[in-house]
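Chains A and B, in that order, give the protein sequences.
Every number in my numbering is 232 more than the matching position in the first sequence, counting from 1.
Every number in my numbering is 441 more than the matching position in the second sequence, counting from 1.
What the hints contain is simulated information worked out from the structure, not anything from laboratory work.
We treat Cβ as the ideally placed atom computed from N, Cα and C, and that holds for glycine.
Do not rely on the hints blindly, as some may be mistaken.
What the hints assert, rightly or not - Not everything, but these chain A residues come out facing chain B in the computed CB check (under 8 Å):
{"no.": "1", "residue": "235"}
{"no.": "2", "residue": "257"}
{"no.": "3", "residue": "258"}
{"no.": "4", "residue": "259"}
{"no.": "5", "residue": "263"}
{"no.": "6", "residue": "385"}
{"no.": "7", "residue": "387"}
{"no.": "8", "residue": "396"}
{"no.": "9", "residue": "405"}
{"no.": "10", "residue": "406"}
{"no.": "11", "residue": "407"}
{"no.": "12", "residue": "408"}
{"no.": "13", "residue": "409"}
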Amino acid sequence: MVLVLALGDLHIPHRAADLPPKFKSMLVPGKIQHIICTGNLCIKEVQDYLKTLCPDLHITRGEYDEDTRYPETKTLTIGQFKLGLCHGHQVIPWGDLDSLAMLQRQLDVDILVTGHTHQFTAYKHEAGVVINPGSATGAYSSITYDVNPSFVLMDIDGLRVVIYVYELIDGEVKVDKIDFKKTPATTHSAH
Amino acid sequence: MSKEIVKEEAPSSSSGVVPAESRPFGSLRGVQWRINLGILPPSSSIDDLRRVTADFRRRYAGLRRQLLVDPHVPKDGATNSLDLVMDNPLSQNPDSTWSQYFRNAELEKMVNQDLSRLYPEHESYFQTPGCQGMLRRILLLWCLRHPDCGYRQGMHELLAPLLYVLHVDVERLLEVRKLYEDLFIDKFDGFSFEENGVAYNFDFKKFADSVEDEIESQGNSKKVMSLYELDPELQAVVLLSDAYGAEGELGIVLSEKFMEHDAYCMFDALMIGAHGSVAMADFFASSPAAESQSGVPPVIEASAALYHLLSIVNSSLHSHLVELGVEPQYFALRWLRVLFGREFSLQDLLVVWDKIFSEDNSPLDEISDDGEHFSFKLLVSRRGTLIAAMAVSMILYLRSSLLATETATSCLQRLLNFPESINLKKLIAKAESLQTLALDSNISSLPSTFVGAYNCSKSPINAHNVSSDLVCPKTTLNLVPDSYWEEKWRVLHKAEEQRKNSSEKKTSSGKKKWSERVKFRLSRTESEPLPAIREKCKLEHTLSVRRSLLEDLSKQLGLEEDVETGACVEVSNSVDHHPAEVHRDGQNCANKGSICTVEDRCDDGSGAVVSEENSSIFSEPPSPPSSVINDHDHENDTEKSSVASNLSADDNYVHQRSIPEDLPQPVSLPPEDVYLNSPHENGSSGKMVSAMKEKRQLSGKFQWLHKFRGSIVSEETSDKRGGMSEAANSPNHDSKRNTVDSFTAGASSNSHPTNKGDAMDQNMMDTLKHLGQAMLDHIQVVESVFQQDQGQGGSLDNLSKNIGKGQVTAITALKELRKISNLLSEM
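With these hints in hand, go ahead and build the complete structure from the sequences.
Next up, the structure:
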């Protein structure tokens, strides 16, 4: 029963002032065990805020991040799952599934989390899941101005992960759920 | 759950202890306790037991399924229509399964904290994950089921022994199974198949072979004993583990699989009390019960019940504890909440609980709503009284060491660290004897006094509120430096011993008790004695005359600072002036000492001089002496100053006249001297100066006391009033109270001799002095209590706070003093 929060592309303070209040009210400390952030926070204050939600914070470098010390990619293991994290501006074409799958194989992870497109997507394929939590603040991206604030909460429980997607559409929070079960043989298939 | 079963089976054991013969499961604690707690019916039919057990287990299983929330598992198949907006992990909605899940997780965390520290000395069983898991689940489910109680620390300690006894039972079963394996045959359809497996014991073989076989089979059959040849105890074990009886495996009474279920039932029954009067859950509640007479939480009330019982059984220990300020709930909270789980080792505890559970829990008498017959809730049932008796017997076990303690902390230390190696049988036997006593005494007891004390201590009372003062008298006293008081005490002690010969026996016992305390007080000398002490000393030692004198003194003090100072100084000075012995420093206790010394001097015959001196000074008695004593209260109302002093002078005068010259009223002397010297202002010892300083303090206090006295005056009897005025003089409300009585007694006793006039026996005087001394001692005891309580606090502001504490002490001291006064009045 591990709750992992995935979010990114907040672009505070350049493109957005803060998280939407409805999102902020939901994010209370104590419930979430890990936070993974795709990048583009952009300032340290945002990192501090995220740290208050959960001490275990993982961030990768986005192109507008002011802290240059974040890594380009990161992998971590939570429960039975291996998670990979990358901002996504390095992977071209931006948001292309095949390229992202390539990255996933490179990192050898079951769940790959990337951002940069500011659009929520979640692809499921036999090797794993590729998730894009979108922009938590709804900041405009290089591609489009029409962005809905969104983020992702993963509930990892043994060999099963339930992915909750929270989107702010027209001022209301909408929640969706995706189930993914990992087969034990999957990880060793390529070796 | 258990309640329903209890109703159905209608346990007949309302008469109390079940006789040993009808307790077939004596050695199987788990079963026995389940019967005692009302879960299992007391009937000995195995089938009944099995059915009831199975019922309970089913209920628990259902509860578990319902309450242990797993948000992953969809509720009742309605998976797709889940409203995700509400039911997501981050949802703030309290109704969502996730919220419940998180709440349960919080509760579990709390429970875990306690469980990890459970019985570390029996780690091998209690710290195993299986056991911990069971305990955790049981506690979690119980708390979820009873959200009003919640989880409180201590519940886990109540549950652990319950689980343990079940475990022990199962182990016993395994033992027996090993030994008598043959007996554990499955009587599925009424047939029993022997070990050799042959259904028809007919032998087809040839004779030669058959002989062999027969011998073998005979050998086999010999091993298989009949079940009924065993001890009833072993029989029980076997029967209770039959897998094919009613309800099948679910009904196996001694079952390892269902230990959790059974433990839950036992825990529930214990906590709820199953219609009985003792429900452990009450002890964990922090708010008063709905129907309680007293507005205090049940555990406080139960602690008060303990003290009540203790006061009946051994009032000296009780009063000692009360005096030290040891409230019963300080230690009783732990004792009651965990049913002595922390005081005894596990094995001892099981024996104690055997006893407690074997007592019936139903209320013995009707608790009527009008409260007339209301008694402590704890003492209403046999089980409750045994618990109370057990606690009292434990306190009594520590009696000698408790009586030796002087502070509340050391007292509590001893109570909370109950010795490991104890004679448990004796303890339990004593408890049982106390139990009968408790049952008898419960009917007319009122918890109000104790509750009053509790409430008193809880709520601040205005220091100037007369009624509250009366109830909870209070003063702030400073301690007197040791050396001075050592001397004083020695002097006093000598005087006391002289008097003791002539004193009545009744008073002497009380006196002795107090004299020890007096020693303590006297041993503290004060550089700047508080007026209270001073007053107390003065008051205590003087007889009625003195009382009036002091009264006047206080009046005077109330009137004029200077006069007061003078008077006070004089008082101390008089002490100084008088006899050579000890007291050099003009202090309250100096007064006391002076009184002693004065008295001594009187004995020596030197008092005559003084008396003459006094009489000469107070040469203008405005009012007839005889009326003086009786009119003290009236005089309170009269204008002070000269009249007062004159009155006091008159008192002295009267006493002097009534007393043969060689025995001047020692009591009167010092006050007289006070007034005497005030005009003279000749104090002239260094002490005078110091006394002056004290006077300042004293006068401040006196003024306050004066006011207080004025308010008190309007109350009660005239004697009381007089006494109270005296009491008013001492900042110590408590001592006031005591002084009131003491002086009432003193007044009445003294007035007799004085009123009688001239002929006053030396013996009478001695006795009176002795009694006066005793009263003074009592007051000092009380004072010391407050001193201990307050430390060095000397401001009037503290008075109100400490009023409550003093009340109980005051009451007890008061009673003592009343006894003395009665004795005196009989003389």
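*Per-residue hint verdict: residue 405 of chain A, partner chain B, C-beta under 8 Å*: With a closest approach of 6 Å, the residue 405 of chain A hint holds.
_Interface hint outcome for residue 235 of chain A [beta carbon to chain B under 8 Å]_ = holds (6 Å)
*Once the shortest beta carbon distance from residue 259 of chain A to chain B is found, is it less than 8 Å?*
Nearest chain B Cβ about 7 Å off; hint holds.
*Verify the interface restraint on residue 406 of chain A: the C-beta must sit less than 8 Å from at least one C-beta of chain B.*
Because about 7 Å separates residue 406 of chain A from the closest Cβ in chain B, which is inside the 8 Å limit, the hint holds.
*asked:* Checking hints one by one. Is residue 263 of chain A an interface residue toward chain B, by the C-beta closer than 8 Å rule?
replied: Hint holds; residue 263 of chain A Cβ to chain B Cβ min 6 Å, cut 8 Å.
*Hint validity - residue 407 of chain A Cβ closer than 8 Å to any chain B Cβ*: Holds, about 4 Å.
*Is the shortest C-beta separation between residue 408 of chain A and chain B less than 8 Å?*
holds (7 Å)
_residue 257 of chain A as an interface hint toward chain B, with CB separation required under 8 Å_ = Holds, because the Cβ-Cβ distance from residue 257 of chain A to chain B comes to roughly 7 Å (cut-off 8 Å).
*asked:* Take the shortest C-beta to C-beta distance between residue 396 of chain A and chain B; is it under 8 Å?
replied: Where the cut-off is 8 Å and the nearest Cβ of chain B is about 5 Å from residue 396 of chain A, the hint holds.
_Does the closest beta carbon of chain B sit nearer than 8 Å to the beta carbon of residue 409 of chain A?_
holds (6 Å)
*Is the shortest C-beta separation between residue 387 of chain A and chain B less than 8 Å?*
holds (6 Å)
_Proposed interface contact between residue 385 of chain A and chain B, which counts if any beta carbon pair is under 8 Å_ = holds (6 Å)
This entry satisfies every hint, going by the numbered hints stated previously.
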